[in-house]
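Peer 1: One-letter residues, chain by chain:
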Amino acid sequence: MRAFAELLDVLDTTRSAAAKLAAMARFLVLAAPADASWATYILCRRDLTAFVTPMQLRSWLGEAAALPRWLIDETLTDIADLSESIALLTASTTGPETPGAHVDANLSTWLEDRLPMLRALTESGRRARITAWWRMLPYRECVLLNRLLIGELRADVSEAQVVRAVSEATSRSGTAIADLLTGPWQPSEAFWCRLQSQESDRAGGERS
Amino acid sequence: MTGRSRAPLLVWTERGLYCPPGAFHIDPAAGVPCAVVTHAHGDHLRPGSARYVLASVGAGVARLRLGDKAGLETVEYGAVTGIGDTRVSLHPAGHILGSAQVRIEHAGEVWVVSGDFKRAADPTCRPFEPIECDVFVSEATFARPVYRWPPGVETVAEIVRWWHANRERGITSVLFCYALGKTQRVLAELLAFTSDPVHVHEALAGPIRAYRDAGVPMVPTLPAPSASGRQLAGALVLAPPGAARGRWMRRFGEASTGLCSGWMQLRSNRRQSGHDRGFVLSDHADWPALVDTIARTRAPRVLLMHGHTATLVRFLREERGVDAAPLGPGSESAA
Ligand SMILES: [Zn+2]
Ligand SMILES: [Zn+2]
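Sequence order for the protein chains is Z and B. Under the working numbering, think of the first position of the first sequence as 1, with each following residue one higher. Under the working numbering, think of the first position of the second sequence as 1001, with each following residue one higher.
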């Protein structure tokens, strides 16, 4: 999840379309197939599942940050972004290189295993699990986790830019990629492999 | 520990902090007869005073601002000097090379002025040493709980990843950092990752030389050539923030820009920075460091200068039972 969190930060900060494209393509080339497909799904702003409500996260923050309520409220007002406020106040500052200070896993592991498993927990179990993640993840990963938890993540890129990046990363034509990304699809390793393979191009008659 | 009925050891004046029994100012805003200086940043060290007292290791960087003629009186960290009726000593503040806290003792009472300080590891300067005192005058530049720094080495690792990714694309990486302190910290931290030379804007040359003269190890540096961008493709170039908007930038072909600052902790600041990347690297204390340092001084009274003082004043008063107040323009005197 670390590389994707860094990618989102780059997309968020830079104004340069070339830099956004280069960062996305680089991520997609280096990522595991399942991660690449989830990243594409998220960057295309497909609907995400909500696992908790913003109200729940907000109500857990005071105790997790060990700060008085007035200071939490002051921060939430200043920052005006719940996911970021939580990360600013609770995320680990020991750094991802510190052994044992880190629970990160692949993006797909978070989305396919860890987050869905929250449903099997009681409210207090969910709270304990999530606040533990807050303390262990560094800032950027913690921001991303919160956005995934509440199912609200809008990266600062257009779908056309995402198509270009996928096309660059897979060395396939933009039209072929755009075709595959239109309509309903579920992120998975298999989907990314289909994006990469030339089979569908032949089937679609683009090549002979 | 003494009561608060006596006259304060430091008062706020138009020229900055003044110590009546010692007849000296600390970091005065204009020329005074005697200036005790915490460090060589422009908002703390200004020309025009008759006498400057500062930490000896900081003399080189102070000369950059004051020239060769100014009367510098350098003292070792921890050595006690009599100034007026007070006993004054300087202690490491961990902010930049030669930065100091000022400890003032008079009639059995001890005040400490932090100057700018940080607690994070920095290979370019002596680490901060907490000092017990009756009144602690602390900076509060980043006194909000959202400011919690990652380790400097993590941030520099991120800078290296950004640089190397840009190098793969054949473009220049231009990193903006304050000329004095931040630049040298980056160059020193880079040693853990590379021995490749880094190109530097001409305004950085003097401070880098002063650090090298003081024996601070850093990666090799080359002047950023005035030639066209081609030969800088793939290079890392350091420059002061002021160069970002000027003609100077035009010498690069395609470049990615980054800014190194504590303010980059906040997403809104990164987005408004106008740069491709914001790297969190600060030479000031973050919120946990401020709260921890204040506790370590065991000072029953704390005065806060610079920055977001209101939040920390309320936190110290309500949550820590410390007699805290703001100090500086607009606040009442230290009494
Ligand atoms: Zn300073
Ligand atoms: Zn300052």
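Hints in this document: simulated from the structure, not taken from any laboratory. We treat Cβ as the ideally placed atom computed from N, Cα and C, and that holds for glycine. Warning: the hint list may mix true and false statements.
[As the list claims (entries may be wrong)] What the simulated footprint calls covered on chain Z by chain B, stretch by stretch (three residues with Cβ under 8 Å from a Cβ of chain B suffice, anywhere in the stretch; the number is not a length): (1) 7-16; (2) 60-72; (3) 80-91.
[Stated by the list, open to error] Incomplete in silico selection of chain Z near chain B, CB under 8 Å: (4) 19; (5) 22; (6) 26; (7) 139.
Peer 1: What are the numbers of the hints that this structure violates, sorted from low to high?
Peer 2: No hint contradicted; all consistent.
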